[in-house]
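Asks: Chain residues, written in single-letter form:
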Amino acid sequence: MTVEFPALALILLFPALGVLFNLFLGPRYGRGAVNVVGPGVVFVAFGVATWAFLTLLAMPPGGALAVHLWGWIEAGRFHTELGLRLDALSGVMVMIVTGVGALIHLYSVGYMAHDEDFARFFTYMNLFAFSMLILILADNLLMMFVGWEGVGLCSYLLIAFWYTNPQFAYNGRKAFVVNRIGDAGFLLGIFTIVATLGAHDVWTLDFVELRQHAALLGGAAATAAGFLLFIGATGKSAQIPLYVWLPDAMVGPTPVSALIHAATMVTAGVYMIARLGFIYTMAPAALGLVATIGGLTALFAATIALVQPDIKKVLAYSTISQLGYMFLGVGSGAYASGIFHLMTHAFFKGLLFLCAGSVIHALGGEQDMNKMGGLRRKLPITFWTMFIATLAIAAVPPFSGYFSKDLILEAAYDSGHSWLWFLGVITAGLTSFYMFRLIFMTFFGESRVDSEKEHHLHESPAVMAIPLIVLAILATVGGWVNLPGGLLWGNAFVRFLTPAVGAFKPIVEASPTSLSLAASIASALGIALAYLFYLRLPGVPMLLAWRLKDLYNLLLNKYYIDQLYNFIVTRPLFWVSDNVLNRAIDSFVIDGAADGAGLAVRTSGQIARRAETGNVQHYAFVYLLGALGIVAYYLFLVTH
Amino acid sequence: MSPFNLAAINFVWLPILPLVVVTVAAMAVLLAGVRVDDSESEGLGLLTLASLAVAFVFTLGILGQYGVAFAGAISVDSFSAFFELVILIAAMFTVMMSLDYAAENRIPGAEYYSLLLFSVLGMMLMAAAGDLIVIFLGLETMSITVYVLAGIMRRNAKSNEAAIKYFLLGAFSTGFLLYGIALVYGATGTIKLGPIHDALASGAMGSNPLLLAGIGMMVIGFGFKVAAVPFHMWAPDVYEGAPTPVTAFMAVGVKLAAFAAFIRVFMVDFASVGAHWQTVLWVIAALTMTGGNLIAVVQTNIKRMLAYSAIAHAGYLLLGMAAGVRSGPAILYYLLGYTFTNLGAFSVVIALERRGEAGNQISDFRGLAARQPLLAGAMAIFLLSLTGVPPMAGFVGKFYIFSEALHQGYVGLVIIAVLNSVVSAYYYFYVLVAMYMQEGGVEVERLSARPALVAAVGLAALATILIGVYPQPYIASAANAFHSASGAEGSHSAALEP
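From first to last, the protein sequence lines are chains A and B. The first sequence stops at residue 640 when you use the numbering used here, and every number in between is there. The second sequence stops at residue 1138 when you use the numbering used here, and every number in between is there.
Zero decoy hints are in this set.
Cβ-Cβ distance ranges computed for the label pairs, FRET-style:
no., chain 1, residue 1, chain 2, residue 2, range
1, A, Arg-31, B, Ala-1095, 28 to 36 Å
2, A, Asn-557, B, Ala-1095, 46 to 54 Å
3, B, Ile-773, A, Leu-25, 57 to 65 Å
4, A, Gly-365, B, Glu-1079, 17 to 25 Å
5, A, Ala-33, B, Glu-1079, 23 to 31 Å
6, A, Gly-71, B, Asp-677, 50 to 58 Å
7, A, Gly-629, B, Ser-847, 12 to 20 Å
8, A, Leu-517, B, Glu-1079, 50 to 58 Å
Output of the computed footprint for chain A on chain B, the stretches with three or more beta carbons under 8 Å from beta carbons of chain A:
no., stretch
9, 795-809
10, 847-857
11, 864-872
12, 1036-1046
13, 1060-1069
Rather than coming from a laboratory, the hints here were simulated on the basis of the structure. We treat Cβ as the ideally placed atom computed from N, Cα and C, and that holds for glycine.
Modelling step: build the complete structure from the supplied sequences, incorporating the hints.
Replies: Written out as structure tokens, the structure reads:
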């Protein structure tokens, strides 16, 4: 049942108004107004979203709210509308994005209190919220792509918000190009669907209609589309092989990392696959690839996080790893489990980043954990909330991460991916280790803080502390919406999502208790090891790093993947472009400069001579070669 | 709709009234400008702008009329009107960019603006041509004036070199086109487009060697004007050397006119012998997209970069042509979005220029977002549209062309095109990075004293977004324009299917 619900448009409208206000009037009305409007519009959007969500809850299962905006592309028989749709899946996502988004906006008021560019900052943040909500609420694939590109753009703008470091510009560009590779996959996936359905005279990208006609795709096209769309997901959601941009993205302000690079944007790929679950279900090969990449990324990124000295880098690789879990969940066909972890992750990882921001803020910009330590007394709120978040991500019951991670690992095992389940269990142990390493290095032990910074140490103001506390509560209780089956309201969240994403069909039935126990043991081992290494025997990590120098360096340098990409992709592209095409063929450079080829002449007398002897001749020669090629082709046509 | 409904045209001069207006204006500007100092040419520019606006209004009057005039020399249909309108828009933007630029750089106003108008005349003739000779006439009128415009800054060596190169190679390609026309005439016995269409559609031609050779020569001739690889090499040098408003005019106006004629001749009249040219265009499209994008990656001069970008976009358009008649509307829509986007981008380039060259390096864009947020924002819109990021016009255009090509089975070419658009992200974003993430660059001076230029930037930005967000009317008029051409000259064309 779909109900017309025009107020859905308000969820988009308010952030859009925020963008306009902050952009054009923000600088004039000053900080006070921007601090109210910037977070305010997201809070209002959250209010409207809550209203819509409650309306949805009151409806029988499988219901949806929708509003049609206007016809977008109508070309021949193909048509795409601009319309919004809120069902169980997009409802959960909108609640997460507006809810967590509003808290992070509020936090930003404190975090950016000393930044002159607050109006620009909130312009971009509101623009991000607007784009993300388009991505989620879109009722068709093409409009989702609009949001998909929009969030990417805002992400680059915010990564590069402080562009004092020339390296930042390089990072922003890398993020953009890597994402464009993913987006090309996404676009080709859309084309595959359009072309295949078009051959059956079905001209739509609307999710509801796609679902009705999905059977027309057939196995091959569904596999191709699923594979191509997943390339898009690996870009946006930082999975192997396109994850390389996310760690670099950490140079942006920390609230940005929390909102975009942990809680919301990077989960877009998971959302997309859950949304198109009906296509992936028809394509077991593509789905299996999603699970495999997810499991591998989870482990791979967790190993890198083990040794990073930068507090935000640890969290960045942790995010990649946790996203891997989500893909493992949806790739196992248990779409609801992936979305469940997406939600709890938004709470605890958003919180972890905000806490890291609070630490960095207190230390005047310091991000190296080797220069922290003993901070728990100076920053009690930060410490306790971050500790709660760590318990949640380390899957300690009854914190939220425990329930969602268990559900994913169970789904991985039950769908027949026992080896991926095993990787997931190992990753759980690694996760506990690196997270408690972070906690111990930051908040326990002797202070290693520079003495002048020691004096300025201060707990964050209330405007930053309140979001921490709210998120800490959510990170604690957020998992309780889906208690294990049989317990109280067991599986409530999964049952709520099932009409929208389809039910999980296990292949293997394993005992949930023993699976859960294995993961819990791994987790506990990780915590114990971190305790041993970083509190009891602080010399051990250094000793290990020295004894296993090669392995340590491999991890510290992130398996040298950046260098590898540079060597096999970026440099050859430039070499071909510059040396082969630009110089040798196109410009026939005589004076050696790539730019202004052949224009180094100064007087008109020389021009004539150059025109006679220089590159015009060369141009005409290439022209003639092309012409001869065409003539030869036609000669061939005539004689055959 | 009867294909030859001459009754709809009650006055024989009516279809060419816009052309007459432009011609008279060109002569008037030349005469009026004799006594105007080079540094005070704004008045002439405004006169030019006004006459272009009048021609625009008259062209609107032709919309909805169908038939031929002057014994078949002029096609009267929405296709002509569509291209004439877009060409006039391009010309008006060019004048808006030129007002301050021409005076500042002491460009002789009378010559400049009248040549511009004569060039517009040639372009409109190409769009409205009903036979091959008129196409050639239009092409030469356009080309010769643009050669001179490219070199109008007589004391600037680059400008001079640009003009000479363009002229030499242009003359070369004119030979090919003319030879092609002659061969097609020899094969079909007529130069009129309608009869050529009918002769080919009857199937009697087969693979007549004369016809094939003629088609091949015409591909080369048009390929030069749209800057397709390997006939593109003039473009970067000429774009870089020419005065920037002229560069914009070449990148947009010349391309529009060349594509108007190219599309009308090939996709309408040669449609029934598509097998004879679609393969060639397939190869040229792939080369053009790939070559343009790959070489653009290493450019450091914004005008050269935009030149290679224009080459790459010609490749996407050729992809549409290679895929056959069903892509017609998509190509026209793409050209519309391309027009505003490129005009906007060149306007921003002009805003950064000062006497000569400062502002032409991509590094000059550094820090622009901090100093001129709105100007940088507009440039960002243009670059994103060129990259094909939704919801800008460039995205909808690419999506439209690619999906039509896909429906006609050109999977390989579409994959090449999508991969190319990834490469293009690299160099477009290079400019965005400079504007938003780096510091330094040049100061923009006197922006408030250049209202016409600011208006050009603003209008182009608005149009780039509007055409992408609400594309429906533009897609409809592009489809209407294309179908009116194929309907007027061949009622059995496949393009008429719904």
